[in-house]
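Asks: Residue numbers (our numbering): 1 to 116.
What the hints contain is simulated information worked out from the structure, not anything from laboratory work.
A virtual CB, placed ideally from N, CA and C, is assigned to each residue, including glycine.
Treat each hint with caution, since some may be false.
With beta-carbon atoms standing in for the labels, derived distance ranges [claimed, not checked]: (1) Gly-101 with Arg-59: 29 to 39 angstroms; (2) Thr-24 with Met-1: 17 to 27 angstroms; (3) Lys-33 with Asn-115: 34 to 44 angstroms; (4) Met-1 with Ala-22: 15 to 25 angstroms; (5) Arg-59 with Asp-86: 15 to 25 angstroms; (6) Ala-63 with Gly-9: 28 to 38 angstroms; (7) Val-51 with Gly-9: 24 to 34 angstroms; (8) Gly-9 with Ala-55: 27 to 37 angstroms; (9) Asp-41 with Gln-111: 25 to 35 angstroms; (10) His-112 with Gly-49: 17 to 27 angstroms; (11) Ala-55 with Asp-102: 14 to 24 angstroms; (12) Asn-115 with Asp-62: 18 to 28 angstroms; (13) Pro-6 with Arg-59: 33 to 43 angstroms; (14) Asp-41 with Thr-16: 14 to 24 angstroms.
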Amino acid sequence: MELTAPDDGYEFDLGTGKVAPAETADWYLARDKNGFVLPEDADAFVASGYVLGPADCERGIDAEPVTSLAYDDLADERPFCVRSADGRRLVVARMVDGGSGDGPVTVVLSQHRRNG
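Given the sequences, and given the hints that come with them, work out the whole structure.
Replies: In structure tokens:
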């Protein structure tokens, strides 16, 4: 799904797959002028290439987790992923537009759930 946050007053609610007012979602991808902001208890990984699936994401988080998602690191639609604190939900995403200051940012998200 493709979502656009018009400014930093909104965040991406990763649980519902919607754009929500800032600070209203439990599992989110917020933003500031330099990049995306993660919940403190979430894990993230930025792919080195341009393909990233759920299994690649899990391996990446276990081997090379990141704590920040700078727009510069996500240029050219480089995929990244965010895993929820309980490890059951995972979002693979790409920034497809924006990332230059305070304007709108568009991402494409793919949600995955682990059973059990």
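Asks: Taking the hints in turn, state whether each one holds.
Replies: We went through each hint and held it up to the structure:
{"no.": "1", "hint": "Gly-101 with Arg-59: 29 to 39 angstroms", "result": "holds (33 angstroms)"}
{"no.": "2", "hint": "Thr-24 with Met-1: 17 to 27 angstroms", "result": "holds (19 angstroms)"}
{"no.": "3", "hint": "Lys-33 with Asn-115: 34 to 44 angstroms", "result": "holds (38 angstroms)"}
{"no.": "4", "hint": "Met-1 with Ala-22: 15 to 25 angstroms", "result": "holds (20 angstroms)"}
{"no.": "5", "hint": "Arg-59 with Asp-86: 15 to 25 angstroms", "result": "holds (19 angstroms)"}
{"no.": "6", "hint": "Ala-63 with Gly-9: 28 to 38 angstroms", "result": "holds (35 angstroms)"}
{"no.": "7", "hint": "Val-51 with Gly-9: 24 to 34 angstroms", "result": "holds (33 angstroms)"}
{"no.": "8", "hint": "Gly-9 with Ala-55: 27 to 37 angstroms", "result": "holds (35 angstroms)"}
{"no.": "9", "hint": "Asp-41 with Gln-111: 25 to 35 angstroms", "result": "violated (18 angstroms)"}
{"no.": "10", "hint": "His-112 with Gly-49: 17 to 27 angstroms", "result": "holds (19 angstroms)"}
{"no.": "11", "hint": "Ala-55 with Asp-102: 14 to 24 angstroms", "result": "violated (36 angstroms)"}
{"no.": "12", "hint": "Asn-115 with Asp-62: 18 to 28 angstroms", "result": "holds (19 angstroms)"}
{"no.": "13", "hint": "Pro-6 with Arg-59: 33 to 43 angstroms", "result": "holds (34 angstroms)"}
{"no.": "14", "hint": "Asp-41 with Thr-16: 14 to 24 angstroms", "result": "holds (18 angstroms)"}
Hints 9 and 11, counting from the list given before, are not met by this structure.
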